[in-house]
Amino acid sequence: LVTTGAIASDTFEVFGTTAVLLVTRSSAIGQARGTANRLLAEVDLACSRFRPDSELSRLNAAGGEPVSISATFAKLLAAALRAARLTGGDVDPTCGRALAGLGYDRDFAELRATGDAPARLMGPVGPVPGWTRVRLDRGGRRVRLEHGAQLDLGATAKAWAADKCADQIADEVDCGVLVSLGGDVAVAGQPPPDGWEIRVTDDHAAPEWAAGQTVTISSGGLATSSTTVRTWTLGGRQVHHIIDPSTGEPARSCWRTVSVAAGTCIDANTASTAAIVRGPAALDWLHDIGLPARLVRHDGTVETTAGWPYNDPGDAA
Amino acid sequence: MEPGYLAARQRQEGQSHDTRTAAASRDAALSRDSGVAKVTALSWRAGAAGVVAAGLLTFALGHHAAATGAPSGHQNNQGSIQIPAQPPQQGAGSGQVTSGAS
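If you're matching them up, the sequences are chains A and B in order. Quick note on the numbering used here: the first sequence kicks off at 1 and runs consecutively. Quick note on the numbering used here: the second sequence kicks off at 1 and runs consecutively.
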C-alpha cells in the first residue's frame, strides 16, 4: 500500500497481470481492495479459459449443448456479444479455437516459458465461427455454442471487470476511484482536482521513462491494445493474441498500439482492439464515432483522433 | 285596371317576394348553422386527435430518451460505443498508472 497526499494505492496480481487500485480517501483503500478481490474472483471463476472449473471452460466443453450459467457470466458474455455487434464482428468472442490453435491454450506465463510453442491443433483454423453462433438466453441464464464455437472473453472481460470494480467501490466508499487491470483503466466517483494522470505506452508494465504520453481523464475509461506485448513464437514465427476474426490468425495491423478513451473502460477496450483489427480504416471509424484515440504505427509515428491531446514529438512512442 | 287593384297586386307580390326572401334566408341560415356545426365537430375531432397524437409522441419520445439517455456510472449504452464526457487532457510526468497492453 502506498499513500501520496490523500491518494492511496494498492498494487496486486490478478488474471496473470498487474492490477492497480487508487482511491482519493486513503482510509478507504482496505475496503476498496476487499471489494475488488471479491468481484475479480467472481469474474475469474466465470470466464477464465485456463481454469477447468470456470463456467467458460464448462461451456466450451459442452459440445454445443445448452449450459446454465451464473448472472456474472451472463453479464460478461452479454458484454462480449455487444462488443462484437458494435464492431461488426471485429472483436469476436468465438476466437477460443483460433487462440488454442496458435498454442495459446494455457496461462500466458506458462506459454512464454515454453519458448517456441507447437501448434496443438491442425494449424490455421480459418475464420472464427462468429459471435452470432452464441445463443444466449440472458433472462433464462442459459447459453449454447453452435458450429463448434469456442469462447475467449479476453478482449472484454478485464475491461468489464475494471468498470464493475470502479463503480462498486466508488458507491461503497464514496470517493474517487481508479482501477487498472493490466492497463485497462476505469475511473469512478469524484476525481482528483487535476484528474487522474495516466501514462499511455505500449506495455502496461513499461518503466516510467518508456516512450509514450501522459494524459488525464476525469471519468469513463481508457484502454490500450497492442500487438507488441502478449507475443510468443509458434513454429519459429512471432505471433500475438489479437485475432482477426476473418482469418482466425493474429491481426496484421498497420498499428502496433492503439489507446482509446471512452465513456467506459469496456467501450475503450472494444474500440482499441477493433482499431488494431481494422488497420488503416480505424482512423475514419474512430473519428466518425467521436472517440479520442492515439494510434501508433510500427515505425513509432502517431495519429490521433477526436480531441486526443496534441502529442509532443519529443514524447512520441 | 283600377289603381287600387294594382296597388294591392304590388303589395301581394311584394309580400310574396318577402316571403320567398325570408324562406331563402332561413334556408341559408340553417345551411350556415349546419356547416358551422360540421366544421366545429371536425375541429373538435382534429383537436382531440392532435392531443392524443401529441400524448403518444410525448410518451414515445420520453421512453426513447429514458432508453438512450446518459447512463450513470459505467452502465453501457447498448446501441453504440459511449464517447467520454470529455476527451483526455494533456498531462505531465510519468502518470499515476500506465495504460498499455498486458
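Treat the hints with care, as some may be off.
Over the 10 Å line for every Cβ pair with chain B, so calculated as not near, a few chain A residues [as the list claims (entries may be wrong)]:
id	residue
1	D44
2	A61
3	G130
4	R142
5	P193
6	D284
7	L291
Covered stretches of chain A, going by a simulated chain B footprint (3 or more residues, C-beta under 8 Å) [what the hints assert, rightly or not]:
id	segment
8	214-220
9	258-268
One-sided excerpt, in silico: chain B residues whose CB lies under 10 Å from chain A [stated by the list, open to error]:
id	residue
10	S34
11	A37
12	Q96
13	V97
14	A101
15	S102
Honestly, the hints are just simulated from the structure, not real lab data. Here a beta-carbon is modelled for each residue, glycine too, at the ideal position from N, C-alpha and C.
Comparing the hints with the structure gives:
Chain B leaves A:D44 outside its interface by the beta-carbon criterion, the shortest separation being 15 Å against a cut-off of 10 Å. With a least CB separation of 27 Å from chain B, A:A61 remains clear of the 10 Å interface cut-off, as annotated. Consistency note on A:G130: stated as away from chain B, and its beta-carbon is indeed over 10 Å from all of that chain's, at 20 Å minimum. The claim that A:R142 lies off the interface holds: its Cβ sits roughly 20 Å from the closest Cβ of chain B, which is beyond the 10 Å cut-off.
Every C-beta of chain B lies more than 10 Å from that of A:P193, the closest at about 12 Å, which supports listing it as non-interface. The claim that A:D284 is not at the interface with chain B holds, since no C-beta of that chain comes within 10 Å of its own (minimum 15 Å). Consistency note on A:L291: stated as away from chain B, yet its beta-carbon is not over 10 Å from all of that chain's, at 6 Å minimum. Under a criterion of three residues with beta carbons nearer than 8 Å to beta carbons of chain B, the stated coverage of the segment 214-220 of chain A is upheld, 7 such residues being counted.
Judged by the Cβ-Cβ criterion of 8 Å, the segment 258-268 of chain A is covered by chain B as claimed, because 8 of its residues qualify and three suffice. Hint on B:S34 is violated. Least Cβ distance to chain A is approximately 59 Å, over the 10 Å limit. Because the closest C-beta pair between B:A37 and chain A is about 55 Å apart, greater than 10 Å, the hint is violated. Hint on B:Q96 holds. Least Cβ distance to chain A is approximately 5 Å, under the 10 Å limit.
The restraint placing B:V97 at the interface with chain A holds, with a minimum CB-CB distance near 4 Å, inside the 10 Å limit. Interface restraint check for B:A101: the shortest CB-CB distance to chain A comes to about 3 Å, inside 10 Å, so the restraint holds. Look at B:S102: its Cβ gets to within about 3 Å of chain A, closer than 10 Å, so that hint holds up.
Violated hints, listed in ascending order, are 7, 10 and 11; each of the other numbered hints is respected by the structure.
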